[in-house]
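**Q** If you're matching them up, the sequences are chains A and B in order.
The first sequence begins at 8 in this note's numbering and counts up one residue at a time.
The second sequence begins at 8 in this note's numbering and counts up one residue at a time.
Rather than coming from a laboratory, the hints here were simulated on the basis of the structure.
One should not assume that every hint holds.
When chains are identical, the list treats them as one kind, so a pair holds in a single copy or across two.
Here are the computed lysine-lysine pairs in the DSS-like style, where the Cα-Cα straight-line distance is at most 30 Å [to be verified]: (1) K81 with K9; (2) K47 with K80; (3) K9 with K25; (4) K70 with K36; (5) K36 with K80; (6) K81 with K34; (7) K34 with K9; (8) K36 with K25; (9) K80 with K9; (10) K56 with K81; (11) K34 with K80; (12) K47 with K9; (13) K80 with K56; (14) K36 with K81.
There are 2 protein chains.
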Amino acid sequence: PKEYEDNGDIIICQLSSKRKVTIQDFKGKVLVSIREYYEKDGEERPSNKGISLTAEQWSSFSKSVPGIEQAIKKMQTRSR
Amino acid sequence: PKEYEDNGDIIICQLSSKRKVTIQDFKGKVLVSIREYYEKDGEERPSNKGISLTAEQWSSFSKSVPGIEQAIKKMQTRSR
Chain A
8 PKEYEDNGDI
18 IICQLSSKRK
28 VTIQDFKGKV
38 LVSIREYYEK
48 DGEERPSNKG
58 ISLTAEQWSS
68 FSKSVPGIEQ
78 AIKKMQTRSR
Chain B
8 PKEYEDNGDI
18 IICQLSSKRK
28 VTIQDFKGKV
38 LVSIREYYEK
48 DGEERPSNKG
58 ISLTAEQWSS
68 FSKSVPGIEQ
78 AIKKMQTRSR
């Protein structure tokens, strides 16, 4: 798989055929994007379905990853 | 801060005044949402700006967290 987009964004991972996690430099600020893409005229384009986190928001987010794992388990138990 | 939304979704963390990470049970499937909210008629509502990951997508995503951290550092060095 490609490691960079044509515009220099770093491709971190493909979550599904249409969803990607990328890192971009937007006017000197690093953004972490989790976004769905669509194809138009043979080109892949970012859709509105997604979110771009600032480095600060990413930092709070990454700290809550263990909490997310716990909550998923809790939710899965609850729904059985 | 609240731990649950009125509809039973688990609130994991607040990324900014308008952005939240929540876990919801959607028709028996667990979804991890990172989303921006807006207020209408005194009620907070989810906007289109955001993404909801399936448990499977969350799993690939969480595995790439260390890679994201590395890429952020790489990007920050590049832009200086």
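**Q** Now tell me, hint by hint, if it's right for this structure.
**A** Status of each hint after checking the structure:
1. Only between protomers do K81 and K9 lie at most 30 Å apart by alpha-carbon distance; the minimum there is 17 Å, versus 36 Å within a single protomer.
2. With identical chains, the CA atoms of K47 and K80 are never at most 30 Å apart, being 39 Å at best within one copy and 32 Å at best between copies.
3. In this assembly of identical chains, K9 and K25 lie within 30 Å of each other by CA distance solely inside one copy; the values are 14 Å within and 33 Å between copies.
4. In this assembly of identical chains, K70 and K36 lie within 30 Å of each other by CA distance both inside one copy and across copies; the values are 20 Å within and 24 Å between.
5. Proximity of K36 and K80 under a CA criterion of 30 Å is satisfied inter-copy only: 12 Å between copies versus 34 Å inside one chain copy.
6. For a Cα distance limit of 30 Å, the shortest separation of K81 from K34 across copies, 16 Å, qualifies, whereas the shortest one inside one copy, 40 Å, does not.
7. With identical chains, the CA atoms of K34 and K9 are at most 30 Å apart within one copy only, with a shortest distance of 23 Å there and 35 Å across copies.
8. With identical chains, the CA atoms of K36 and K25 are at most 30 Å apart both within one copy (25 Å) and between copies (20 Å).
9. Within a single copy, K80 and K9 get their C-alpha atoms only as close as 33 Å, which misses the 30 Å cut-off; across copies the closest is 20 Å, which meets it.
10. For a Cα distance limit of 30 Å, the shortest separation of K56 from K81 qualifies both inside one copy, at 27 Å, and across copies, at 26 Å.
11. Taking CA atoms no more than 30 Å apart as the test, K34 paired with K80 passes between copies only; the shortest distance there is 16 Å, against 39 Å inside one copy.
12. Taking the closest pair of Cα atoms, K47 and K9 come within 30 Å of each other only inside a single copy of the chain (19 Å); across copies the shortest separation is 42 Å, beyond that limit.
13. Taking the shortest Cα distances, K80 and K56 sit within 30 Å of each other both inside one copy (26 Å) and across copies (26 Å).
14. In the homo-oligomer, the alpha carbons of K36 and K81 lie at most 30 Å apart only across protomers (13 Å), although the nearest pairing inside one protomer, at 36 Å, exceeds that limit.
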